[in-house]
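A.B. asks: This is what each chain is made of:
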Amino acid sequence: MSLRNEIAIVGAYEHPRRWAPDKTAYQIAAESARGALEDAGLTIHDVDGYATSGVGPIGVLSMCHHLNLRPDWIDSTAIGGSSFVAQVAYAGAAIRAGLCRTVLITYGSTAASERFAIGTGGGFSTDPPDSFDVPYGPTIVGAYGMVAQRHMHEYGTTSEQLAEIAVTMRRHASLNPHAKYREPITVEDVLASRMISSPLHLLDCCVISDGGGALVVTSAERARDLQKRPVHVLGAGVANRHNGIGQRDILDIAARQSGAKAFERAGVKHSDVDLCMIYDSFTITVLSTLENLGFCKLGEGGAFVESGRIGLGGELPVNLDGGGLSSSHPGMRGIFLVIEAVRQLRGEAGPRQVEDAQVALCHGTGGWLGIKHSGATLILGAG
Amino acid sequence: MPTKYLRTDDLALHYVHTGPTTLPDRPPDLARGACLVFLHGEGGSAPLWSRQLAYFAAAHSPVALDLPAHGRSSGLDGPASVEAAAEHVGGFLAGISAPPAVLVGHGFGGHVALAVAAAQPARVRGVVTIGTAARPTIPNDAVDKLRQVVQGRLGQQFDTPYFGNAPDMAVMRELWGEMVKTDPKVRLSDMLAYRASRVAERLGGVARPVLVLVGEADKLCARAGAEELAKALSDARFAAIPDAGHVAHLEKADEVNGRIERFVAELAA
Numbered sequence: 001m002s003l004r005n006e007i008a009i010v011g012a013y014e015h016p017r018r019w020a021p022d023k024t025a026y027q028i029a030a031e032s033a034r035g036a037l038e039d040a041g042l043t044i045h046d047v048d049g050y051a052t053s054g055v056g057p058i059g060v061l062s063m064c065h066h067l068n069l070r071p072d073w074i075d076s077t078a079i080g081g082s083s084f085v086a087q088v089a090y091a092g093a094a095i096r097a098g099l100c101r102t103v104l105i106t107y108g109s110t111a112a113s114e115r116f117a118i119g120t121g122g123g124f125s126t127d128p129p130d131s132f133d134v135p136y137g138p139t140i141v142g143a144y145g146m147v148a149q150r151h152m153h154e155y156g157t158t159s160e161q162l163a164e165i166a167v168t169m170r171r172h173a174s175l176n177p178h179a180k181y182r183e184p185i186t187v188e189d190v191l192a193s194r195m196i197s198s199p200l201h202l203l204d205c206c207v208i209s210d211g212g213g214a215l216v217v218t219s220a221e222r223a224r225d226l227q228k229r230p231v232h233v234l235g236a237g238v239a240n241r242h243n244g245i246g247q248r249d250i251l252d253i254a255a256r257q258s259g260a261k262a263f264e265r266a267g268v269k270h271s272d273v274d275l276c277m278i279y280d281s282f283t284i285t286v287l288s289t290l291e292n293l294g295f296c297k298l299g300e301g302g303a304f305v306e307s308g309r310i311g312l313g314g315e316l317p318v319n320l321d322g323g324g325l326s327s328s329h330p331g332m333r334g335i336f337l338v339i340e341a342v343r344q345l346r347g348e349a350g351p352r353q354v355e356d357a358q359v360a361l362c363h364g365t366g367g368w369l370g371i372k373h374s375g376a377t378l379i380l381g382a383g
Numbered sequence: 384m385p386t387k388y389l390r391t392d393d394l395a396l397h398y399v400h401t402g403p404t405t406l407p408d409r410p411p412d413l414a415r416g417a418c419l420v421f422l423h424g425e426g427g428s429a430p431l432w433s434r435q436l437a438y439f440a441a442a443h444s445p446v447a448l449d450l451p452a453h454g455r456s457s458g459l460d461g462p463a464s465v466e467a468a469a470e471h472v473g474g475f476l477a478g479i480s481a482p483p484a485v486l487v488g489h490g491f492g493g494h495v496a497l498a499v500a501a502a503q504p505a506r507v508r509g510v511v512t513i514g515t516a517a518r519p520t521i522p523n524d525a526v527d528k529l530r531q532v533v534q535g536r537l538g539q540q541f542d543t544p545y546f547g548n549a550p551d552m553a554v555m556r557e558l559w560g561e562m563v564k565t566d567p568k569v570r571l572s573d574m575l576a577y578r579a580s581r582v583a584e585r586l587g588g589v590a591r592p593v594l595v596l597v598g599e600a601d602k603l604c605a606r607a608g609a610e611e612l613a614k615a616l617s618d619a620r621f622a623a624i625p626d627a628g629h630v631a632h633l634e635k636a637d638e639v640n641g642r643i644e645r646f647v648a649e650l651a652a
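Protein sequences, first through last, are from chains H and E. Take the first sequence: its position 34, counting from 1, is numbered 34 in our numbering, and each next residue is one higher. Numbering-wise, our numbering comes out as the position in the second sequence, counting from 1, plus 383.
Worth flagging that the hints you see were computed from the coordinates, not collected in a lab. Some hints could be false.
So these bits of chain H aren't anywhere near chain E, every CB distance computed over 10 Å [to be verified]: (1) Trp19; (2) Pro21; (3) Asn68; (4) Ser113; (5) Tyr155; (6) Leu202.
Below, a list of computed lysine to aspartate or glutamate pairs in the EDC-like style, where the Cα atoms sit at most 20 Å apart [as the list claims (entries may be wrong)]: (7) E/Lys568 / H/Glu315; (8) H/Lys269 / H/Glu315; (9) E/Lys568 / H/Asp189; (10) E/Lys528 / H/Glu315; (11) E/Lys602 / E/Glu638; (12) E/Lys564 / H/Glu188; (13) E/Lys528 / H/Glu188; (14) E/Lys568 / E/Asp527; (15) E/Lys528 / H/Glu114; (16) E/Lys564 / E/Asp460; (17) E/Lys568 / E/Asp460.
Since the structure is predicted, the reported quantities are computational estimates derived from the model, not experimental observations. Positions of the beta carbon are idealized from the N, C-alpha and C atoms, including for glycine.
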């Protein structure tokens, strides 16, 4: 996937709603598609490749029907919340291979108005060998809690350090008028919130919202003729981790592999990265991802996130939109990582703009960290 | 019962009506009998009026609304004040082309109904309040407890002050089941808006007949508070509902419906 400077994101749109009980997931996806195409200065007739995820085994075909599309390339990668990050790379590969020219990626979900218990419901993992665990009641938050527990045991990471991540995301959310929760919180607020799965408190967990978004991906060559400043794909990587029959170190996550590949392909250094968009299903996800991407050593994540380093104005601002912890999390957050990165690299992020942002890293995590999960890394550059 | 959305620029207001379903862009038929518009209380939502909607559907045109961010209406934040809520209700009445309506409000919704009657009298024929006081007395510890729920320090509280002395489990379950549909932060903002309400100072401006109802065993709105409301209004009737708590319209629906029906008949006469 050496796509360096060959592929560009030319349209991005985030649906403004976080609570949309009057809409279906398909409506949200379709409205987002319209928004992203308008942003790109294109029409639905320009789309000859289509990708979506989170729609069930052949839901992508129903979405094609809903949008009245008959594209030359169709994808519905299903590796969890990171799918949309991976799909930008896959769309790029398809364009480069000549399978299509312009790819639309959409997402829509009504998780909040459907009252979907994403993190606490459990019951997704019914394939072997997880089917042997299921009778004992594993949950997503339990899987992430286990990673946090291990991190604390191995490295002495504290709840205060994890809380710092939630506080920073909320501060960023206060600058985003569309964020679900915008009122600032403190480390004490996080620690005083209810324990959901030790050591993760309620405010260590992402929100559940409705929402959606869309992206338009095309060749860098075609992007030059379009209305907005393009955002180039510099490098990408996709990886996974699984139980390995019980022998795996759960602190070694997919980001280690996908991140290394993405950096190598992009030809940039960590110090070149101006901002990160890191999947924040839980505070521990951010800490573990930053370590595994190599922004700090394994075990040093707690100290790394302290003292404002990951806040706006800090050394490595993370999740400027407020992330899943405060802005939105309709179940699969990957697409929002890319959308906010695009806004930042175009200089369209308003009060939460990172000054002179040239390089952004997006990393999506899908599935159950600590049990089986995927990681997708995308390094983007301002065009 | 059919439900619909009224869409404005940035909101979609959900409402329940009776009678035949109409196309999405057409308001329901509201011409039969009196148009009754039901307004829920703090953190409430339209389905809590199911007993009234079913009863009044026979001869009238009842409608129940979810205020923004309540129930299945869109929006993240509830109206910041009684006046803001009243503006939404006024816009809603215009949006569904309602004839001058009888507004029936519960608790906080009672103040909202009175504020609509004061600000937009042409849209209102009469007002019914249930469990609404002139000056609401909301104890600090109730606000603090709800604030802790909002902060994630406490789980949702399924407690009983809403109900009279011998609460029916099915009614309690129905109320709690409905209230969890609305974000507790919205219930908190309702409570604060109700507590800060200045409606009591402007009751002289309400030039429409009002029926003031209160459960005799209401633990959230004392009978004296409702009586004070009735006294301050120029044209009011007062009735206490025996064996009912704060949600008299759920607990003693027959009695409440009968009172409202007689009031509606009086208005028509």
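A.B. asks: Does each hint fit the structure? Answer for all of them.
C.D. replies: Evaluated hints:
Against the 10 Å criterion, H/Trp19 falls within the reach of chain E, whose nearest CB is about 6 Å from its own CB. With a minimum CB-CB distance of about 4 Å to chain E, H/Pro21 fails to clear the 10 Å threshold, and the non-interface call is violated. Its beta-carbon lying about 20 Å from the closest one in chain E, H/Asn68 satisfies the requirement of being farther than 10 Å from that chain. For H/Ser113, the non-interface assignment is contradicted: its Cβ lies about 7 Å from the closest Cβ of chain E, within the 10 Å cut-off.
Every CB of chain E is more than 10 Å from the CB of H/Tyr155 (nearest about 26 Å), matching its label as outside the interface. At roughly 4 Å, the least C-beta separation between H/Leu202 and chain E is not larger than 10 Å, which violates its mark as non-interface. Simply put, E/Lys568 and H/Glu315 have alpha-carbon atoms about 34 Å apart, too far for the 20 Å limit, and the pair is violated. Annotation: proposed proximity of H/Lys269 to H/Glu315 holds, straight-line Cα distance about 14 Å (limit 20 Å).
With a C-alpha separation of about 15 Å, the suggested pair E/Lys568 and H/Asp189 falls inside the 20 Å cut-off, and the hint holds. Restraint check for E/Lys528 and H/Glu315: the C-alpha separation of about 39 Å exceeds 20 Å, so the hint is violated. About 19 Å separates the Cα atoms of E/Lys602 and E/Glu638, which keeps this hinted pair within 20 Å; it holds. Pair hint E/Lys564 plus H/Glu188 does not hold up; C-alpha atoms about 28 Å apart against a cutoff of 20 Å.
Taken as a hint, the E/Lys528 and H/Glu188 pair is honoured in the structure, with Cα atoms around 18 Å apart against an allowance of 20 Å. Distance restraint check for E/Lys568 and E/Asp527: the Cα-Cα separation of roughly 12 Å lies within the 20 Å cut-off, and the hinted pair is therefore satisfied. A hinted pair counts as satisfied when its Cα atoms are at most 20 Å apart, and E/Lys528 with H/Glu114 does not qualify at roughly 27 Å. Taken as a hint, the E/Lys564 and E/Asp460 pair is honoured in the structure, with Cα atoms around 14 Å apart against an allowance of 20 Å.
Straight-line distance between C-alpha atoms of E/Lys568 and E/Asp460 comes to about 8 Å, which keeps the hinted pair within the 20 Å bound.
Hints 1, 2, 4, 6, 7, 10, 12 and 15, counting from the list given before, are not met by this structure.
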